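Residue numbers (this note's numbering), protein chains in the order written: chain H, 1 to 94; chain S, 1 to 94; chain X, 1 to 94; chain G, 1 to 94.
Simulated from the structure, these hints should not be mistaken for lab results.
All figures in this text were calculated on a predicted structure; none of them were measured in a lab.
All clues stand as given, with none of them false.
No farther apart than 20 angstroms at their CA atoms in a straight line, the calculated lysine to aspartate or glutamate pairs in the EDC-like style are these:
hint : chain 1 : residue 1 : chain 2 : residue 2
1    : H       : K29       : S       : D60
2    : X       : K29       : X       : E16
3    : S       : K29       : H       : D58
4    : X       : K29       : X       : D90
5    : H       : K29       : S       : D58
6    : X       : K29       : G       : D60
7    : G       : K29       : X       : D60
8    : G       : K29       : G       : D90
There are 4 protein chains.
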Amino acid sequence: MAERLDDAAIGAGLGELAGWSRVGDEIRKEFERAGFADAIAFVVRVGFLAEAANHHPDIDIRWRTVHVALTTHDVGGLSALDFELAARIDEVAS
Amino acid sequence: MAERLDDAAIGAGLGELAGWSRVGDEIRKEFERAGFADAIAFVVRVGFLAEAANHHPDIDIRWRTVHVALTTHDVGGLSALDFELAARIDEVAS
Amino acid sequence: MAERLDDAAIGAGLGELAGWSRVGDEIRKEFERAGFADAIAFVVRVGFLAEAANHHPDIDIRWRTVHVALTTHDVGGLSALDFELAARIDEVAS
Amino acid sequence: MAERLDDAAIGAGLGELAGWSRVGDEIRKEFERAGFADAIAFVVRVGFLAEAANHHPDIDIRWRTVHVALTTHDVGGLSALDFELAARIDEVAS
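Let the sequences and hints guide you as you build the complete structure.
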């Protein structure tokens, strides 16, 4: 079971990622792709990561920019699940 | 070139669709799918429609619910493009 | 661990499915979709099933027709995994 | 309208591509991706290229390897369409 991270742990988690920022109980990042088709293919790839983790980010598509937001509803905040999935999304985004 | 529709035309357009509502300069609809994977496959299908129309909706994925919002930035409001794409999205959603 | 099914079990398995046929050590089915974009969206949907089952069919796309072939390499033939995934694919195809 | 290319033109076309080979009336290439999910996302990306070109390759998915084959049925052989789409596929594959 995931545990709710405190501010220190969240800060440490963000320190190991690039481009993610905290907004309330979420961490967010924008991914700009070469075009709309690339954005959709990226969403598919992220979708597979989400299913594998059984943890589903909010995903907003704005033409070729994909906004990803992570939170853990079960703990009412951020958990290790969010930072693990963020790291995996960064891997496939590069 | 698309033309900006007036309120009467927007009302008429909405009258021919089901489940779409106007919010300011957009028309919006929520599509609930059987699960997350179905939602992603639906986004792919909508993505092909968007590319074919060269008109790209805002698409927000919230687990198995997909929010679609249409507007025509070039006219600063709603145009026939939005209502045509909305109708095509409804076709593939059913 | 999956077990290799004998001919009687394979026949019984096929009897519970519609449209699948045995070709050597595989079971196969063709899915015709409304168009190419529908075929691609279907492949995405099947892809999620495959990942969830950790069992990956051969998938051949021929415009709007998708050929799916299942076998279990580890047992050198057909196993229950193939019939379970076939049934799930049929569910999302309908 | 596409024209059927002769052997010299096909050879010249292949000379400008990397990794594609001629097999009868087709040109083919294998794309190995990092995993199955990457393969599916790649197929989506190629699908958008195919729709944009209104020219649809045969696409075979074998776990993380995607086989792409191009031909122009209308001319009973290879045409410039095949080489143009092959070049675009290479762009998104890199």
